[in-house]
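S.K.: Each chain is listed here by its residues.
Number of protein chains: 2
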Amino acid sequence: MTAQPTVADIGELALLRQLQPFCSQALLGDDAAVLSPRADATVVTTDVLVDGVHFSDRTTAPEDVGWRAIAANLSDLAAMGAMPIGVTVGLSLPGTVTVEWVKRVYQGMGDCLRQYGGDIVGGDIVQSAQTMLAITAIGTVTPQRVLRRDRAQPGQVIVATGWHGASRAGLELLLRPDAAPALAARDRQSFIQAHQRPIPRLDVVQRLATWPDDDFSTVAAMDSSDGLANAVLYLCQASGVGARLQRDRLPIPPALQAWVGPKLALDWCLYGGEDFELVLCLPPERAVALLADCGKNVAIVGTVVAGREVLLVDRPDDPSGLPLTWDSCFQHF
Amino acid sequence: MTAQPTVADIGELALLRQLQPFCSQALLGDDAAVLSPRADATVVTTDVLVDGVHFSDRTTAPEDVGWRAIAANLSDLAAMGAMPIGVTVGLSLPGTVTVEWVKRVYQGMGDCLRQYGGDIVGGDIVQSAQTMLAITAIGTVTPQRVLRRDRAQPGQVIVATGWHGASRAGLELLLRPDAAPALAARDRQSFIQAHQRPIPRLDVVQRLATWPDDDFSTVAAMDSSDGLANAVLYLCQASGVGARLQRDRLPIPPALQAWVGPKLALDWCLYGGEDFELVLCLPPERAVALLADCGKNVAIVGTVVAGREVLLVDRPDDPSGLPLTWDSCFQHF
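The listed protein sequences correspond, in order, to chains G and L. Using the working numbering, the first residue of the first sequence is number 1, and each one after it goes up by one. Using the working numbering, the first residue of the second sequence is number 1, and each one after it goes up by one.
Rather than coming from a laboratory, the hints here were simulated on the basis of the structure. Heads up, a few of these hints could be off.
Stated by the list, open to error - SDA-like mimics (lysine to any residue), calculated; alpha carbons at most 25 angstroms apart, straight line:
#, chain 1, residue 1, chain 2, residue 2
1, G, K296, G, Y116
2, L, K103, L, D226
3, G, K263, G, Q206
4, L, K103, L, P62
5, G, K103, L, W326
6, G, K103, L, Q130
7, L, K296, L, P283
8, G, K296, G, G155
9, G, K296, G, V157
10, G, K296, G, Q193
11, G, K103, L, V53
12, L, K103, G, Q130
13, G, K296, G, R315
14, L, K103, G, V53
15, L, K103, L, A129
16, L, K103, G, W326
17, G, K103, G, R17
18, L, K296, L, D226
Stated by the list, open to error - If you want the footprint, here are the derived chain G segments under chain L, 3+ residues with CB under 8 angstroms:
#, region
19, 118-125
20, 133-140
As the list claims (entries may be wrong) - Beta-carbon label-pair distances, calculated as ranges:
#, chain 1, residue 1, chain 2, residue 2, range
21, G, Q193, L, G155, 53 to 63 angstroms
22, G, P21, L, P143, 19 to 29 angstroms
23, G, P5, L, A209, 38 to 48 angstroms
24, G, D314, L, G11, 29 to 39 angstroms
25, G, Q18, L, K263, 31 to 41 angstroms
26, L, R249, G, Q18, 33 to 43 angstroms
27, L, Q206, G, A209, 36 to 46 angstroms
From the three backbone atoms N, C-alpha and C, an ideal C-beta is built for every residue, glycine too.
Isolated chain G (complex conformation):
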């Protein structure tokens, strides 16, 4: 087997040439990218991913590193009600990384962008001891249709798209392939897929596009990249409200519950993170309309209430419940 050339072997200029096919041809080769003029508002978001912290060769192929990095940013755009225009890629890595690895990361980024929209419109590649990927995504939205976090109101219901805990389950299966001998191959595959190839919910944004402008003033939204509990806590904090999440309505994959039991399944659903779904607070009638639009993979999981408490309850009329707190949520340090 011939050794693959490293980044240091070929140098910066040759590396940039090799990456050009992955990038927007119209927008490259100048000091900065020019995006088409628009009357819409520009939305911008940044995520940083570090080797050994946010990804690892053990669980993530280079294409998946690229896909996940883009999907995480497009998920932030979706949570703002915006559709993607382009991304910039800041990459720092040791000279010993193979060119092949870098190209496969760009391949994964390109795959995700082709599926959901947008181009790689710029970037920077520099040398460092640890591989690090900083993605900035730029999107566009009609100003009246921005989905904000601070619009939740008592009387609204809380809607979550997709399963929660699936990405965490996939990570477990990648770290410990023997962890779930009884799990059906289809479920195993879908958990791993949830971890390696998360889907930004731009489809929900597109469905909301058919709603009249007025309806957006009563919608609050956030993505669940840091967990379902984190999203509900943030929405409540930003809006100055409380929430009641109903335990039996939580979007826990049935196969997960069967595999790890109800306690751990609940924990992964609430705190596992990286599911990149949307959590919305909206009037009950709008929630019903959204469920009708989006089909089975969207659920009402709770209600917005006055006060500041976020409680996990067994029944809607349960007077008490288990408080959800920031302490259980993921922190970067």
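Add chain L to chain G, keeping to what the hints say.
M.R.: Okay, now just chain L, sitting in the frame of chain G:
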């Protein structure tokens, strides 16, 4: 002396709260920042800076790390003819970094933005072994007034703003404080200033704003962040032309030449980099107008010619000259 709290001591949420005063209040606290709607084109650029590679405690105070990171990006916007709207900040760092260090970096970023325009509109902070800063700047420009690299034409002249080699000289003085005992304190200070607090040439963009749209179709521009030679080589490559740089017109600071001698001064002027000035190719009459507008700190340094050769010549009519090549330019690997 009390030990200063580290990032790990206080945790992510507390760190974000402490950084909030440095950021745009209007734009924070959601999944992504929304920038005001504009009919203009949006311009976006990214730079990554790594501890030990692009900055070091030995030569750069935290405020200067922040200032330089922003200035480098605003310089890219200036080279596109764009004025800044905002920046996103991707920061990865070990938990052992002090909160004070992070706040001082943000202070320096804020100082630069207050001076030249734009806000911190978003970001991400994560843990890593090596400190790294990824800045994405977003700017705006009337589409007809974008300054491109590929518009250089034979018959044009090459204009450089500011001194070149000054930043490299400042770095030398920071690394070896005893290197220039005979250097006047004022010159020493101005070289160090050039390295620690470079000035993005948005003033030139503002002066160009008074020109009619038509004049922009015959202007090529790039910033000199990777050196004057690198900028001229890129402009020529993008435009399919050659250039003749006139040795005695090069913007070498007189005090630098007196200090290190003509050979090294020429080398630092052409290849030192990080001066963050602008290099423009434009018709002679427009160059004269620009010089009149901008005053003494702008110079005609050469001419654009047919062919592909970039030569350093002693006289305008010199039939031969020293070819400038990519090999001498800085590469990241």
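S.K.: Which of the stated hints cannot be reconciled with the structure, identified by number in ascending sequence?
M.R.: Hints 2 and 3 not satisfied by this model.
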